[in-house]
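**Q** Listed in order, the protein sequences are those of chains A and B.
If you read the first sequence in the working numbering, its first letter stands for residue 1, the second for the next number, and so on.
If you read the second sequence in the working numbering, its first letter stands for residue 1, the second for the next number, and so on.
In case anyone wonders, no lab produced these hints; they're calculated from the structure.
There's no promise every hint is true.
If chains are identical, the list can't say which one is meant, so a pair holds when it fits in one copy or spans any two.
Unchecked claim - In silico lysine-lysine, DSSO-like type, Cα no more than 30 angstroms apart, as pairs: (1) K278 to K91; (2) K295 to K322; (3) K40 to K120; (4) K270 to K309; (5) K310 to K251; (6) K124 to K59; (7) K235 to K40; (8) K186 to K124; (9) K234 to K26; (10) K278 to K124; (11) K120 to K252.
Bear in mind the structure is a predicted one, so any value in this text is a computation, not a measurement.
There are 2 protein chains.
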Amino acid sequence: MYSVAQLKEVFLDYLQQNPFTQAPIKLFEPVDYIMQLGGKRLRPILVLMAYNLYETNIKAALPIAQAVEIFHNFSLVHDDIMDEAPLRRGKPTVHYKYDTNTGILSGDVMLIYAYHYLLKVEDKTIIPEIVKTFTEVAEAVCIGQQYDMDFETSNEVTIPAYLMMIEHKTALLLVGALKMGAILAKASEEDIVHLGEFGRNVGIAFQLQDDILDTFGDPAKFGKRVGGDILQNKKTFLVLKTLEVANEIDKKQLEILMSSYPSDEEKKIKEVRTIFQKNNIQNLADQIKNEYQDKAMYHLGKIAVVDSKKEEFRALATLLLKRNE
Amino acid sequence: MYSVAQLKEVFLDYLQQNPFTQAPIKLFEPVDYIMQLGGKRLRPILVLMAYNLYETNIKAALPIAQAVEIFHNFSLVHDDIMDEAPLRRGKPTVHYKYDTNTGILSGDVMLIYAYHYLLKVEDKTIIPEIVKTFTEVAEAVCIGQQYDMDFETSNEVTIPAYLMMIEHKTALLLVGALKMGAILAKASEEDIVHLGEFGRNVGIAFQLQDDILDTFGDPAKFGKRVGGDILQNKKTFLVLKTLEVANEIDKKQLEILMSSYPSDEEKKIKEVRTIFQKNNIQNLADQIKNEYQDKAMYHLGKIAVVDSKKEEFRALATLLLKRNE
Numbered sequence: 001m002y003s004v005a006q007l008k009e010v011f012l013d014y015l016q017q018n019p020f021t022q023a024p025i026k027l028f029e030p031v032d033y034i035m036q037l038g039g040k041r042l043r044p045i046l047v048l049m050a051y052n053l054y055e056t057n058i059k060a061a062l063p064i065a066q067a068v069e070i071f072h073n074f075s076l077v078h079d080d081i082m083d084e085a086p087l088r089r090g091k092p093t094v095h096y097k098y099d100t101n102t103g104i105l106s107g108d109v110m111l112i113y114a115y116h117y118l119l120k121v122e123d124k125t126i127i128p129e130i131v132k133t134f135t136e137v138a139e140a141v142c143i144g145q146q147y148d149m150d151f152e153t154s155n156e157v158t159i160p161a162y163l164m165m166i167e168h169k170t171a172l173l174l175v176g177a178l179k180m181g182a183i184l185a186k187a188s189e190e191d192i193v194h195l196g197e198f199g200r201n202v203g204i205a206f207q208l209q210d211d212i213l214d215t216f217g218d219p220a221k222f223g224k225r226v227g228g229d230i231l232q233n234k235k236t237f238l239v240l241k242t243l244e245v246a247n248e249i250d251k252k253q254l255e256i257l258m259s260s261y262p263s264d265e266e267k268k269i270k271e272v273r274t275i276f277q278k279n280n281i282q283n284l285a286d287q288i289k290n291e292y293q294d295k296a297m298y299h300l301g302k303i304a305v306v307d308s309k310k311e312e313f314r315a316l317a318t319l320l321l322k323r324n325e
Numbered sequence: 001m002y003s004v005a006q007l008k009e010v011f012l013d014y015l016q017q018n019p020f021t022q023a024p025i026k027l028f029e030p031v032d033y034i035m036q037l038g039g040k041r042l043r044p045i046l047v048l049m050a051y052n053l054y055e056t057n058i059k060a061a062l063p064i065a066q067a068v069e070i071f072h073n074f075s076l077v078h079d080d081i082m083d084e085a086p087l088r089r090g091k092p093t094v095h096y097k098y099d100t101n102t103g104i105l106s107g108d109v110m111l112i113y114a115y116h117y118l119l120k121v122e123d124k125t126i127i128p129e130i131v132k133t134f135t136e137v138a139e140a141v142c143i144g145q146q147y148d149m150d151f152e153t154s155n156e157v158t159i160p161a162y163l164m165m166i167e168h169k170t171a172l173l174l175v176g177a178l179k180m181g182a183i184l185a186k187a188s189e190e191d192i193v194h195l196g197e198f199g200r201n202v203g204i205a206f207q208l209q210d211d212i213l214d215t216f217g218d219p220a221k222f223g224k225r226v227g228g229d230i231l232q233n234k235k236t237f238l239v240l241k242t243l244e245v246a247n248e249i250d251k252k253q254l255e256i257l258m259s260s261y262p263s264d265e266e267k268k269i270k271e272v273r274t275i276f277q278k279n280n281i282q283n284l285a286d287q288i289k290n291e292y293q294d295k296a297m298y299h300l301g302k303i304a305v306v307d308s309k310k311e312e313f314r315a316l317a318t319l320l321l322k323r324n325e
């Protein structure tokens, strides 16, 4: 078994050996730019980890790992245009560095290139199932992004709808990465289901934790500005849960605060946080997050490989879900 | 054999029976909108025609026809954003009717949906080759669009480069449509090559004819404003050929005209047309167009099916390439 760090290294080697730069340069240079910006490389690592549960030589899974990472970066390029985001991983986004048309077209060619890499899988009999899994996930990610945009202007977002949105936007690509690795390794249908459920539950738990840390995290460790979601009036789990459990006065006050853009930002963050604390929201959110984490671990346990092989999955989940306060 | 008109009807029936409307409505309604805007449906017809050369029941080819039409419309949605075009087939473009973000994301989901339809092909053993052919063509179309945008600001566009650009942007999708129909029908490799060459040469001839008609067509029959390319300073085949064959004075005058945006538009059109006429450009362009048309017919002749089955291909090529003056 490879460690998470080793898998990342193997993937980065492959990425380095498969650059995108070709003519026309204006189309492909931005692809190399975003692909080299760094990041955790979580999704390709999940492809390789799932494959590595069954096969010691992980080479055959590298094109799928690459496809998943290209797709993830495609979605970042187009999302950053839609969100008008100037920065990604501390560097200019593609449409800021180049222009919006470049962002659109280079994004398009990335989505196509993801399929290009899936087709490099040597076992051709498995390609229809791989392409199908990938296509379903890709569609789900678009649906998640649309719901995320819809929710910005809706006042009727429910907790189940929110969970459905983060499942589509974040969790299902993790599910797809794990499933494709396992499908390529010809794992049993049961194992594929359990791996997928592990990914789904880890993905949702990870997003819930992000919501918690965005409001309650340690500024020195969080990496982004703590309180950012509050300032953007985002309907996170914390907000939706408060609207569910709080009394009418707190609900009304939160609704007013979460539709305001005051000049004293720290005051707003503090007031919203006070309402959350009064209603025990951090604990309630932690509780739900832990439920998803427990479900993930349950499904990991059900996978029919010797337990020692699951160690890296536990390590990765712990890393992703560790409290960062 | 089905006639072109019958194939269009069969395709439109399938399109009608497979609507895109589902939740989230803001993502999929624009897909239905653009798919219902009409058009010649040339590309799906080519898929079905190629399949119909070998098989009488064309039902199995319908998902591929749908995939190709979805892809074509995806490229229109994103190109219209990049070109800031307000109208498409006389109706508002997607990003004008909705907004740019909708155009981007609904376009993305269309590209993914094209694959979704390819995966509906019942013979799973053929899917890897179909998906590969499709993916190569999709990449080529993006490359063609990038070259088209690059050429707008370049003063060093050559005729070979221009032909390469229109081959990528227009012809290769016709090639792909024909090839996928033939691959599904398990046609011989020779037939697939000849069908592809037929499509490539028809596609280039069609684009050259569009260049000619845009300047010399009958305003009553052309559908767009005659002289539109001249007013937009587009480096069409006519311009590039003039820069190749004309004397220095004509070249200089054309260069000045083709970088101007005068208020008297009709005067500019007339002056550019006069330079073309003096240099016999319409005939030279016709000559090249006819060479491509002849090559298309040569390859059509080489396809190993009885000649009577090729009648609809000849009818379609004649329809596409008929002089419209």
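**Q** Hint by hint, which ones does the structure fall short of?
**A** As far as the earlier hints go, 1, 4, 5, 10, 11 are violated by this structure, in ascending order.
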